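Colleague: Chain by chain, the residues:
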Amino acid sequence: MTNSHPVSGSPDKEPATEPALAEAAGADRAATMTAPKQPEEPRPSLGRLFLDNLWAANTVTVTVLALLLAMLIGAVLIIVSDPEVLATYGYLTARPADALNSSWAVVSEAYANLFKGAIFDPEASGFTAAMGPISETLTYTAPLVFTGLSVALAFRGGLFNIGAQGQATIGVILAAVAGFALPLPPVVHLVVALLAGAIGGAVWGFIPGILKARTGAHEVINTIMLNYIAVYFLSWIIVQSGVQSPGRADAISKPVDPSAQLPRLLGDNLRVHAGILLAVLATWFVAWLLNRSTLGFELRAVGANPDAARTAGISITKTYVLVMVIAGVLAGLGGSQMALGTTANALTPLVVAQIGFDGILVALLGRVKPWGVLLAALLFGALQAGGNRMQSYSGISLELVTVLQALIVIFIAAPALVKAIFQLRAARAARLQTSLAKGW
Amino acid sequence: MSTTAVPDVAAAPVDQGFWTRHRKTGAVLLALGLLATVLFGALATGQQARFTLSETEGGAALEINGTVGAILFGVVALLAGGAILFGVPKRWFTLTLGLGLVAFVLSFLCWQVSAAPEGRNFMPLVNVVRGTFVLALPLIFGALAGVLCERSGVVNVAIEGQLLMGAFSGALFGSITGSVWVGLVAAAVGGAFISLLLAVFAIRYLVDQVVIGIVLNLLAVGVSGFLYERLMQTNAERYNSPPRFANWEIPLLKDIPLIGPALFRGNIFLYLGLLLVLVIHIALFRTRWGLRTRSVGEHPTAADTVGVKVLGLRYRNVIMAGMVAGIGGASYTLALYTFTKNMIGGKGFIALAALIFGRWSPTGALLAALFFGFADQLATYLGAIGSTIPSQFLAMLPYLATILAVAGLVGRVRAPAADGKPYIKG
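Taken in sequence, the protein lines are chains P and X. According to this note's numbering, the first sequence holds residues 1 to 440 in order. According to this note's numbering, the second sequence holds residues 441 to 866 in order.
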């Protein structure tokens, strides 16, 4: 998170809608009320400003502290769920060292494995082993970037896209079917399969978009419902003849042709594939779209204040539909990677895992800014990759990662809480408001 | 949620002239009736379709020739649609619509039952009714939790998490102590724990309520899944062998044909769920607490002006909602199954759908939950008789129905006006 230093004149405008702004203003007012109002003072040096901001409630500090808090609670969960360690607490007053030592041992081993699995293992030798953790992290990151961007883009347009999961599901269905059903030459095949995935996601995004624009039906409800419809559609289509893998009784489709698979970047032993490059490209595109294009301006205007936007002659109907379609395209592309990448090469009922729901967390953690989403997805990808190692080496369930992710976002979403716990000062320019959607 | 409540709606269509909302509904029903008459009538066989009043093939039964039944009920649906289309008095609208929809379902059943393989042309109604209630039960609890929350102005997307936490802590503490009652209390506390977090973050820290709901669902999945793998899987004997509530038979009532065996030989959760619907309905519309809750959900500023403690009431209602949902979760682990990872599997979201479909009222939520439970049970039944209708499409029905309801195609749903809006005093 290097870019979150609040620089004035940053092209990335604060992504807050009208009520959110009002809330933020209210919160800021409450926070600054206690501090005595300073008269004009001379402009401090850059170094001083940096140090000030380091311990102020800016996005980096809050994110790091949220991560620490989450890992602290995670440690408590590890300890209370380990009967042996818990037993040492039975005689805590007699020999406190036992309890502390065994707790430290189990927690530090778990988190050490989390780190080794996600970033770097000092004991690893050779290129493949050394790059392994990074490769795993990037593999998990790529689809999360897409779903995170999908949710973030819709947020900026004032819509809460909980449907990234469903859009990714429909995307992966079409991408995989195109991947094994169409006989095409290598590069063309991959492009066609990705396009199919994008179209699938677009359709699944279009439905809530048009319903919102035409009837006012709330997109949160409709996208939740469409998620489940997509899941049932997936479980139906897998077992149809022509899709199901011949000779298999369980629900698994034919494998995607090699010509439609995303190429691996670092040799056959490492799983990282071209999806991560597409993810960076998509991030750049969304950043451009939001900050430099006419549509992006209209989208932000509608998100900030639909009434004002309508008065200014912006078609809200068109914007809502377009936002949801583009969000659907992004989520569909993210879903496509789950079958065209190295995670799996066939459809199964759980092929998209949780990428859509994780995308919501990623978007919030990334403060609904494109590059922030990329960094947040990297953190989540790292947690996922490290969690796998933690599970196999320390026997700590992978579910701990889900807990950590949820806790991080809870703390991020309530910056006032983190501020209160650590007694941070309010930063000069940082506005820590991630909540954007309006109520029902 | 609806065109009237949300101020940022792009274009609210106003039905003008002949095509009012009622007439459109009538036209849809007319088309459905036509479909039933022609398609179901043609596909049904001449076999007798038997609807037995027992759990097996034998016993008293309602019988009708498949083709005749499919066409007859199809025509009834068609006539009901036509009546609505060409001006039935407004007060009869709901009744006529209900009649038409029931006739459509009956026509469909006549086709399916008569087209089933030889020897399976019967539908045991007791099983269907009982299954409907069993499957609807978690939905009823979940939707009631939603009613309590949202009527006081806090959106509850965390129903799923509350059900899951209830199921988990009910199983855990029920197993450790060996007592169903301890399990039941623990389940309520578990659900309340999630809703306490919801309340604190939504009311105290003004976090967006949908966002925090979604995140809390993930937290519940994570925490319960983590502890399940660490504790329950390694020592299932000690941590995951919850005791079960026995079925309580109610004398006299249990002998009523059809309804008796299905409804009055259930466990505590069935009775508790139905009782809660009644209690919450009366409390919401007949007591001081209910009036205050509704006013806080519609116009908190006005309520505050006349001295209602808005935030306190919201805290209380949200925590009560968590307890109700937690008990609903326990209806899995303290009556039917042992705990498994993510065992609620989306029921919380169907409960949310039932809440919306039932228009934020306890009785409406009950009916919607029963409808969704029936769809679920029907899918099981059709699978058992080897129907050509894929069960996945029937499973989609609740979600599709909700989308249609929210989009205003079937009546109009409107959320409490202040639902999801935090209240800042001053």
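Check each hint, because a few of them may be wrong.
Chain X stretches covered by chain P per the calculated footprint, using a threshold of three residues with CB under 8 angstroms from any CB of chain P [to be verified]:
id, region
1, 540 to 547
2, 553 to 564
3, 661 to 672
4, 823 to 835
Hints in this document: simulated from the structure, not taken from any laboratory. Remember, it's a predicted structure, so these values are computed and weren't measured experimentally. The beta-carbon is built from N, C-alpha and C at its ideal position, and this holds for glycine as well.
Colleague: All hints, please: hold or fail.
Modeller: We went through each hint and held it up to the structure:
Here's how the region 540 to 547 of chain X fares: 0 of its residues keep a CB closer than 8 angstroms to some CB of chain P, so the rule of at least three is not met and the hint is violated. Coverage of the region 553 to 564 of chain X by chain P is violated [criterion: at least 3 residues with CB-CB distance below 8 angstroms; count 0]. Check on the region 661 to 672 of chain X: 10 of its residues sit with their Cβ under 8 angstroms from a Cβ of chain P, so the three-residue criterion for coverage holds. Here the region 823 to 835 of chain X counts 4 residues with a CB under 8 angstroms from a CB of chain P, which clears the bar of 3, and the coverage holds.
Hints 1 and 2 from the earlier list are contradicted by this structure; the remaining hints agree with it.
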